[in-house]
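Visitor: Full structure from sequences and hints, please.
Just so you know, the protein sequences line up as chains A and B, in that order.
Just so you know, we're using our numbering here: the first sequence kicks off at 1 and counts up by one.
Just so you know, we're using our numbering here: the second sequence kicks off at 1 and counts up by one.
The hints are simulated quantities; they were obtained by calculation from the structure and are not laboratory data.
Please read all numbers here as calculations on a predicted model, not as lab measurements.
Please note that a few of the clues may not be correct.
[Said to hold, decoys possible] Partial list, derived from the structure: chain B residues whose beta carbon lies under 8 Å from chain A:
no. : residue
1   : Trp138
2   : His234
3   : Gly235
4   : Asp236
5   : Thr321
6   : Leu710
7   : Gln779
8   : Asn890
9   : Glu931
10  : Val948
11  : Glu994
12  : Val997
13  : Asn1005
14  : Arg1008
15  : Arg1044
[Said to hold, decoys possible] Some, not all, of what chain A presents toward chain B, calculated at C-beta under 10 Å:
no. : residue
16  : Lys75
17  : Ala194
18  : Arg242
19  : Val364
20  : Arg437
[Unchecked claim] DEER-style ranges, computed between Cβ atoms:
no. : chain 1 : residue 1 : chain 2 : residue 2 : range
21  : A       : Arg186    : B       : Ala585    : 42 to 52 Å
22  : B       : Lys362    : A       : Gly377    : 22 to 32 Å
23  : A       : Arg458    : B       : Lys60     : 34 to 44 Å
24  : A       : Val215    : B       : Thr628    : 31 to 41 Å
25  : A       : Thr271    : B       : Asp1007   : 20 to 30 Å
26  : B       : Ala97     : A       : Val215    : 45 to 55 Å
27  : A       : Arg458    : B       : Ala446    : 52 to 62 Å
28  : B       : Met47     : A       : Pro274    : 40 to 50 Å
29  : B       : Ser85     : A       : Asp359    : 20 to 30 Å
Glycine included, C-beta positions come from ideal geometry on N, C-alpha and C.
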Amino acid sequence: MADFHTQIARRTFLRRTGAGLAALRTLLAKGTTGVVQPLHHAAKAKRVIFLYQAGGPSHLETFDPKPKLKEMHGKPMPESFTKGQQIAQLQGRPLVCFGPQFDFQRYGASGQQMTTLFPQMGSIADDVCIVRSMWTEQINHDPAHTVMNSGAIVTGRPSMGSWILYGLGAETEDLPGFVVLMSSGRGGQMQPIAARQWSAGILPSKFQGVKLNSVGDPVLYIRNPEGIGDAVQADSIRAINRLNKLQYDALEDPEIQTRIAQYEMAARMQTSVPGLMDVSKEPAKILDDYGAKPGDGSFASNCLLARRLAERGVRFIQLYHRDWDHHAGIAGNMPLKAEEVDRPTAALIRDLKERGMLDETLVVWGGEFGRTPMSQGGSGRDHHIKGFSYMMAGGGIKPGITYGATDELGYAAVENPVSVHDFHATMLHLLGIDHLRLTVKYQGLDARLTGISGEVVRGILA
Amino acid sequence: MALSRTLLAALCVLPAASAAISFNRDIRPIMADTCFRCHGPDKNSRMANLRLDLREEAVKPRRNGAAPIVPGDPGASLIVKRIFSENPALLMPPKAAHKDLSPAQRNTIRQWVQEGAVYEGHWAYQPVQRPPVPEAKWKDRVRNPIDAFVQARLAGTKLEPAPEADKRTLLRRVSLDLTGIPPTPAEIEAFENDTASDAYAKVVNRLMASDRYAEKQAMLWLDAVRYADTCGFHGDNAFPAWPFRDYVLRSIRDNLPFDQFTREQLAGDLLPDADDRTRTASAFNRLTRTSAEGGLQPKEYLAKYGADRVRTLSSVWLGSTMGCAECHDHKFDPFLARDFYSMKAFFADIRETGLVPDQGEKAWGDQLMLPDAVQKERWESIAANLAKTRQALSAKRVELGAAKAFEWEKALLERFRRGDLDWNVQRPVKATSRGGATLRIYNDEALLGVFDRGGSVISEAAPGNGMIVAEGMVPDRDAYIVDLRPGAGVWASLGLEVISDDRLPGARLARGSDRLVVSAVEAFSGNSKLRFSGARSNMTFWDAGLTPWGAIDDDPNTAWGAATYRTFRTAFLALDLADPLTTGADSVIRVVVRNDSKFRRAQPGRFRIALARDRAAQPVADREAKPTVAGMSPELVKAIETPAEDRTEAQWELTGDLVDSTHEALTPAWAALMRAEADRVVLREEIPRVVATVSVEPEPTRILARGNFLDESGDVVQPAIPAFLGKLETGGKRATRLDLANWLVDKNNPLTARAYANRTWRQLFGTGLSKVLEDLGSQGEWPTHPELLDWLAAEFMTPSWEPAGAHSWDMRHLVRTIVMSHAYRQSSSPSPAALQADPENRLLARQSRYRVEAEVVRDIALSVSGLLAEKFGGPSVKPYQPRGYLVALNFPRRDYSESWGEDLYRRGLYTFWQRTFLHPSIAAFDAPTREECTVNRTSSNTPLQSLVLLNDPIYVEAARVFGQNMVARGGKSPAERIAWGFRQAVGRTPTTEETGVLAELYRNNLDRYQTAPAEARKLVSAGEYPIAVNGEPADIAASITVARAILNLHETITRN
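Guide: Following this line, the structure appears as structure tokens:
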């Protein structure tokens, strides 16, 4: 793997120039470097916060108003829309239009339309870009998550966070460069999410996302074992590394140097992670803005953690918020979900902006697919892949605009459709990476996040 | 990009064997990377109608008369002009392709054209011919032909083979490579003292004859065939697969010829002498990931399962990437989309569904039951008993007659309407937990409940009405003791109502685990234990061996419970009292609800206890926790009300069950039948099972344009091997999986033996002779030692070196031949020159040094410490795992129940392989999830690995036991103990400096633990492994910290 080779090259270089362990340590102390050096072009964004709404939020009740669908409520869905299309749970059932369950409203000077359930997000409408023309290719949760995260249907490909960490490295040596947080709330069925969604796949596992848990140990095995106090732990790590260093002096195997560095980082993580997770010292106003209660593991708390992670130099921060799978009871459930996400999402974007970080942080809000304009069981919506909405902000995204459109019933993306690969290409572009050039050899091919397609969506760039 | 650059750098370092350009070695890698995408086999992406992969096309003049290649005349050759062009518009490859040629590459192409532009067929597709063994240059460093080939490559360089490694290092290396377990100090000593010339050969033979050898060698094969214990999609539930793993273990232990091994896995069901062993092997075809997600489109998933098989087959046997041909012709190799679907067609006879149910009676489709003799006999006797009791019940039904039954139903309905059948939910006076949980009783107090109602999660606060909620500590096993004061009455039945809550991790019913398990319910009145005569439950499907009888049969191994994720709000167990119970106004009844099962933490989270006056009260899933539970479900009431002629099938079933289970004339016969059925269900759970390949009339296989399953316009194809590799002769009959297997292991197949030998080399040197293990095609790597690879492939198929006792396709012989070579035995310490010239050790002037595989990291710690429990095969085990790790899973919602006793200390390969959440401790060390075939594990070095070795409870426990052994057996002084521990772990005596570091650690920690004895006690009792603690806790604790440091050393987990 390319990374392996660059490591070797670097190590050989270090040895040749007589630089030892100390030099390596200073080199690492500034963060980790990626393979894209220099950047392919000037970057707009330095990091990504992906507010991943898992389960498939309805675009028709969030960002994509469809008055015509309202008119058609209860009437058969015209066959011209659905013929020959993939259908999930509605297979073989009559397809009936299901009108939007909530009103839309124009927000801000830009007059962007969002659901009335999102007053807080509406209040930052001028800072965000709404993309109404997303589409994907997998109609069940598990494969659709895999496509959204890795760009591929076949499993084993690196997730986008891994690609970005591989390409850019991170600005932190105390924390993993790719962090995943998860929350769930009320108002929907909780779908499983596989660890493959943040896996490094064919890249070395050091590029995988590290899940921070809000309950139990924040990082697996981060806590000292029972009966091992901080001093014993620190002394033990020191002894381990002294012994490893003696081996290194004898053998000059660069893997031993890496091992030493990893024990040092593990020690730093043991100190830094609990501090990171402890939001109780945040000002009351901030906690209140986000609606976060320290330690509750909510989406709100995770949004606040996302900002703290961003401040500490983490490259890719992905928050999964679950239970958007509204096969039934969408009218009752959407307000519950909206209550969970509206305020923290807006608070995060506002907070980043106030700290001057929004310009360099790409914030993305969206899920693995959308939901059908047709009713399921008279109260819900089925999975839908032909058209759905994303919201983005900061990091070089043009604020205050709505991009692309679905047809009049909200079925298919018809104007400026944005594929998952297009979305990935755009994200990489903002980070200073040409998606065609961030590749790794696998099975004899140049594997890349965008597979064999993908175009930068110029229309949403600032 | 970065890779190709370094690859080239490496090629520059490696001087070519001769100055002449070889197409395969020098030109094909360049063209494959930079030209073939647009000028290769894929007609859809071909530009300018030009192919450079075929000579006759490349030398053909274009319309303007100029030819892309004019052999011998670079000046006249268009491609040379274009690659040297200074005009960006003409330059090839175009800038936009991001595939710039280096000056060296351009010159190489020019020289090749100059020399006549000689093409060669791609090396991997040429028949394997055993090359002549070259003359060895360093004759004292030759053990077998392998060394001659390695030396031939070194001859033109400044490097020379390293001397043989010292005996200690060599023994540790070969022990880890062959068995995954490091040698004991006694084994090292014996080897060091054995001066016989065949000392090493004896060691190799001993190691290869052990079960451990099979365990180690199986690991990577299991990666390749993507063996795992869960289905990998959506709910990721456990499916019956482990007997397949044991098949692999036994096959390797018995050294099954690889051709037979291949035939059995691909087509063990089709063999003329097929038996349970070969049918178990053919589970290989069913190890694909499967989905039970509602709303999936069956055709889409059938396409996924089929494509998985082609990818696996082509990676493992053909060392080729066919995956891309699912959507288009291969861009670089001659695989066509038609080939992909023709290969897929071989598997079209396998009976399967797109949605593979993961629960219920149809779960996992076809399965093979593998009872042992005792189980078989019991199965037959239970079957006889079932037939007998079924008949007896039928006779009783006939005796009763339909008319009387209807009358009885109507009368019962009247009693129900009067309230006689009500369950009186009890308001307990006291509830305690023997295991240490806190039980709280909610009567009129409001209690928050979160539950799923038709796909929506609702949270609601309502009075508990007798609800008992377990909180606080979650013991592994528990007994809830509940005292009731029912008031005056006469009672016929006792009800246990387990109430679901979305926040409960164990299938929403239990406090942990993935299921609810109630191994016993006991009731006492005063001092007398009440007897139960029958047990009924609202869950009519008894999965996972959980039956109502399990709660009252005095056997702790059987239980009632629920292991599925049907969305019932409550699980109700009705227990019939053998004798009516009369209570006075102040009588206290004690009810004990136990989980003594092997499922840790599977006891109920929320439950109520009820009493009924009438035995006819039915177990009902109540939606809300009301003070009384109606003794009949609305569906049953409706069924009874429906006149016989209008009843649906489902209604007949309801009323039939009611009469059988409740009518006095029938209950004894019914109870006997149900007991027999319970016996069957319990035994079924005990009998090993494996998913089976069942061959049926093949479904037509179509070429799916761009892989799109909705497009049914493509050609129907017949099973066939890739066209460029030939054609199967089947006498006009449709080719089968067996034909395919026979072709794969035909000695004329150019790929199979090469791919296998290359992987085996990787196992023993860290890198393949061709580095890209999964692709020997044109995008792969030209082997560093092509002749050696061919010699090994030939030797694998037809042994010639020390062939006594070896057979064709001998997997063990191949490994033995390699480990007997000098190349394998040489030192891994590079000379400065070697390190400089060949940092990656591709020329093999030394052995390699690398970290052991994930499972072996674990095995080393367990064996060194003395914790390892060695048992060959059997069901997968569950080592300790952080609580909450599975929180992202659902259907069912679950947590994890660790195994008990020795199953906590088994080798890593037996770990329960949860595909979507692989055990974090082995995942950290790069064990693949096996969602997809993996033939080339990555090997990384991360801080998470450090955290695992430092803090994962199993490594702490290993250090604990190791440290105790150091104290007990290592000697008196810290220095002696350190030396003893060091020898156990890395097989050598520590240097003075190393002893100093550890002695200092010991002293510092001894001081700490002497002032903090509570901490010392915690550490010396870490984990569940019982061991007598003799000695001073502080001394032992400090020694444990030394043991822990040793287990964490890079050297401990490295094979040198």
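Visitor: Identify whether the interface hint at Glu994(B) stands, where standing means a beta carbon of chain A within less than 8 Å of its own.
Guide: Holds: closest Cβ of chain A sits about 6 Å from Glu994(B), inside 8 Å.
Visitor: Close enough to count: is the Cβ of Gln779(B) nearer than 8 Å to one in chain A?
Guide: holds, 3 Å
Visitor: Using the C-beta atoms of Ser85(B) and Asp359(A), is the stated range 20 to 30 Å upheld?
Guide: violated, 42 Å
Visitor: Is the hint on Trp138(B) kept, meaning its closest Cβ partner in chain A is under 8 Å away?
Guide: Where the cut-off is 8 Å and the nearest Cβ of chain A is about 24 Å from Trp138(B), the hint is violated.
Visitor: Would you settle whether the hint for Asp236(B) is holds or violated, based on the nearest Cβ-Cβ distance to chain A being less than 8 Å?
Guide: holds, 7 Å
Visitor: Minimum Cβ distance from Arg1008(B) to chain A below 8 Å?
Guide: Hint holds; Arg1008(B) Cβ to chain A Cβ min 6 Å, cut 8 Å.
Visitor: Just to be sure I understand the hint, the distance between the Cβ atoms of Val215(A) and Thr628(B) should be within 31 to 41 Å; is that true here?
Guide: holds, 37 Å
Visitor: When the nearest CB of chain A is found for Val997(B), is that gap smaller than 8 Å?
Guide: holds, 5 Å
Visitor: Checking hints one by one. Is His234(B) an interface residue toward chain A, by the C-beta closer than 8 Å rule?
Guide: holds, 5 Å
Visitor: Hint Val364(A) vs chain B: min CB-CB distance below 10 Å?
Guide: Since the shortest Cβ distance to chain B is 20 Å, the answer is violated.
Visitor: Evaluate the given range 42 to 52 Å for the C-beta pair formed by Arg186(A) and Ala585(B).
Guide: Given a distance of about 44 Å, which is inside 42 to 52 Å, the answer is holds.
Visitor: 40 to 50 Å was suggested as the range; check whether the CB atoms of Met47(B) and Pro274(A) agree with it.
Guide: For Met47(B) and Pro274(A) the Cβ distance comes to about 57 Å; the hint is violated.
The structure fails to meet hints 1, 16, 19, 28, 29 from the earlier list, while all remaining hints are met.
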